[in-house]
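Asks: What follows is the residue order along each chain.
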Amino acid sequence: MNALQYPEIKPKKKFIKRIYIAVMLWVVGRAIQAAAKVDREVKEEFAKLKDNFLLKMWIWPNGPAMYVGKTKDGKVKYLGWKDKGYKPTLTMTIKSVEAAMLLFTFQEGTAISTARNRLVVDGDLPDACALVRILNIVEVYLLPKIIAKLAVKRYPKWSQMNPLRKHFGRILIYVRAFTF
Amino acid sequence: MIPYNFTFLSHPKICSGLKALEHIPFELESLNARKPLVITSARWAKKGLAKTLTKALYDSNITIGALFTNAPNYPSVTIINELSKLYRDRGCDSIIALGSGGIAHIAKAVNMVVSLKTDILQCTDLTISSPLKPLICVPTADCEGGEMAAVAYYERFEKQSDFLYPDVIVIDSRITRHATSQEIANCALTSLAHAIEACGIVAPNPINDAYAHTALSFIYQYFPKTIKKPCYKDGSVAIVNAAACADTAFSNAPQGIVHTLAQAIALDTNLQPGIVMGILLRYSLAAKLHAKGGIRPELLLALAGIDTYAKTPEKDRQKAAYDYLTKCIDATCNYVPSTLKGLHIPHYKLKEYARLAAAKNKQHKENEYMALLEKSFEGK
Amino acid sequence: MKRGAIMQLPAYYEFCNSVKTIVGHKALEQIPQSLKAINAQRPMIITDKGVEQAGLIKIVQAAMQKSKLKAAALFDSVPADSDVKVVNEVAKIYRAKKCDSIIAVGGGSVLDTAKGANILVSENAADLMQFVGYGNVKRKLRPFVAIPTTAGTGSEVTSVAVIANHEKNIKMAFGSLFLLPDIAIIDSRMTKTLPPTITAFTGMDALTHAVEAYFCLAKNPLSDTTALAAIQLIAQNLVNVVKKPSDLDGRLALALASNLAGMAFSNSMVGLVHNIGHAIGGVCGVPHGVCMNILLPYGLEYNMHKRSQYIGELLYPLAGEEVYNKTPKKERPLKTVEYIRKLIQDLHDATDGKHPRFLKEVYDRTGKQMIPKEKLPDIARTAMSDPAQFYNPEDLDYNDYIMVLEAAWEGIPLDRKKIKKG
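So the protein lines, in turn, are chains A, B and C. Position 60 (the first sequence) corresponds to 60 in our numbering; numbering is contiguous. Position 227 (the second sequence) corresponds to 227 in our numbering; numbering is contiguous. Position 177 (the third sequence) corresponds to 177 in our numbering; numbering is contiguous.
Be careful, since some hints might not be right.
As the list claims (entries may be wrong) - Pairwise CB distance ranges, derived in the manner of DEER restraints:
id	chain 1	residue 1	chain 2	residue 2	range
1	C	Asp127	B	Asn5	50 to 58 Å
2	C	Asp127	A	Glu8	31 to 39 Å
3	C	Lys58	B	Pro254	32 to 40 Å
Calculated from the structure, these hints are not laboratory results. Cβ coordinates follow ideal geometry from the N, Cα and C atoms, glycine included.
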């Protein structure tokens, strides 16, 4: 056997998919920050979390990543994608770029993705429950109903989120999330 | 009621379905491995499967130590030694078998050599008492039986050990959908025979039954469509799932009469064991139907589902199960003859096969093996 | 020949069950050869006082003695709630006595303690914190034999351990396939002396595992077949064994069912019943199995609009084929719930009223009500922080929890018209 015929193969990167995921993580991070200012329920959820709450959502093993945390004055801030020595209290690790693509192209909602072991949640588990509720609300705001229904377990009826709150909130979140 | 008295072990983690390949890096990492030796054949490399696997490992910390694309179907000492050397030279820490049949058994044999640090022929007599290096099986749908079981076949040897189970079985339609109809027939018939023989024993083992029933369910549901259209994604994934479950069931039950005979015939003739099993199974079931004890009625539950099972009167269930199973075997009629004579096996060889089978597996007497061979020869 | 599709091929699933399970009336006698097969010669027995006083450790030691194998150490003080201090103490003794393996004899707390201790001694570590979370135990641990004494939690086949740090007031959760025992021994002698009340609610715990595994979001083919087998064994044996505790065949069947249910739920997770059950356990200190037993019918009612087909299929292993055939397909889901309520009632009668049927009927040994109605809001709030809800088919908010809790408290069926369906 000529072993040289079978060289070592180092892994390459899927650049376009990584860029898409990075953008989606940025959108989610900014939207969480905006929703924390605009939506009463999201505000209440964050108020119950500890002051040192810091979420890291990332793709194993090399990123991209997203950090969202509470600042010293209790505000919720999107902290960017770089690790500046943060100590996350809650980590959502998505196991691969493809798993992240399934999530961020809404082929699999968060619940289904978790059920299929595509992601692992580590850290303060009660905070994870709050985070999933926050993400559900953010997805309802950000996405049209036809897509949001794929992402969340139960799309809120009028009685749970009145259309005025939804549409007004949507405008505010989009404005806050995409302007600086 | 016969009291429970059994031991059961199934080691592999099964990852099956959409984007299953992309879970491999995380699974390797959790087994503390980062540099696998990938073993596959020229056929699968030509079909692009090696490239698919390589791409699935992108964006991870996994470096493929070597991607060997010329594995033969026969696990010879030469190839095992060559690959063991390649493993060591490249500093690999795990093995991925991309393919079924000989590829998987070569991978298992190499794993024994590099883990036990001894020659493959000496491994045969050694008792393995601790886990081997991590082994991931990524099967194609041309399973021959045993790839995902606690057994390794190499040269003329068969080695059984709990530690020969693979650690992870990754079933992905991008890999499974490339087999031919003939290979699907072989795979499904092997799985069918293993599952039926595993849950046909007298002593009850509900855990083993659960695996056997899963295999039977998938085969009945997906086999007829998949054999006509082997690239049917769900079908090929289901058939390989059935093979994985049947391999576990097979590993946890005494080897049956059909398996033992088929192995003896396959070793001598180079025929695919599944094809032989399909023929023998048909006549074994017919004999069982009329024998004391008969066919287990619960097989109907696995094959037909709860509704049909519940509606079928108790006295009719054995016959109904037999009919469902025969229908499965009949679906292979274009690829498998209905008698041993159709495989051009000469009659005078039957006695030798019966003798070899009885020597290997003393659970049945030589005349029992011979009786089945005679019935299967011309189908009378 | 048409086939009612029971075997769903999920778009993606994972399943792992890598514990060697030995089942039989004399299964313990296989300990020596099992330990020898994995190179273990100096086992440490870990257990609790209850198990020791019931004489079960003597049975284990006698079985080992037949092959001249002796335990190198014995620790019998595991508390009801696994604690990190105890784990550290166990590890210390293990090292001092130069043990090379663990035999854990007991229920969930003993098994979790043993898993934690095995991490420390295998990794040669002093602090469990570095291993908290999923996938942080990355190597094969030292040999570990699990012998459950209830039927049961199924902890002998789960890859998780939860250990409390009472000083820091946190619960540490560890998840890794390397936490699985090498061997689980299911021997009828281990549950023979279980009192009827404990037999009843541990049996219902196992039933809940199997039922929730069958209809929650991560269901898969192998978890389905193992769950159905478990449900059938429990339905056929639980009430009989409660009435006749000496029925060893029945005891073995229930222990096996608990093992099968453990395989099922550890791979397809659980939902609402465990979600609220954990919260009740945390707020009011009610035993886990008691909560499962009461909440099970409500878990089915709450999810019925999303999972009616699967809930209907459960009627077969629960009630048998005659009832299944007689019941029109549309009515089967409700009939399943009716049968589970009937099972709870039968257990209540068989234990002279000690087995509670609803939350207001749960009393402690002094006769004090353990779940006062005023605690329901606390329980609802705690349930909102329990991750078992992730795998429940339908979403839950605070008002949904209150609705379920109030119905379960009174013991009235859930008004399904009030369930929010989105």
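Asks: It remains to establish, for every hint, whether it holds in the given structure.
Replies: Each hint, compared with the structure:
1. For the hinted restraint 50 to 58 Å between C/Asp127 and B/Asn5, the CB-CB distance of approximately 43 Å leaves it violated.
2. Judged by the Cβ atoms, the range 31 to 39 Å given for C/Asp127 and A/Glu8 holds: they are separated by roughly 38 Å.
3. For the pair C/Lys58 and B/Pro254, the beta carbons lie near 35 Å from each other, so the given range of 32 to 40 Å is met.
Comparing the model with each earlier hint shows a violation of hint 1 alone; every other hint is respected.
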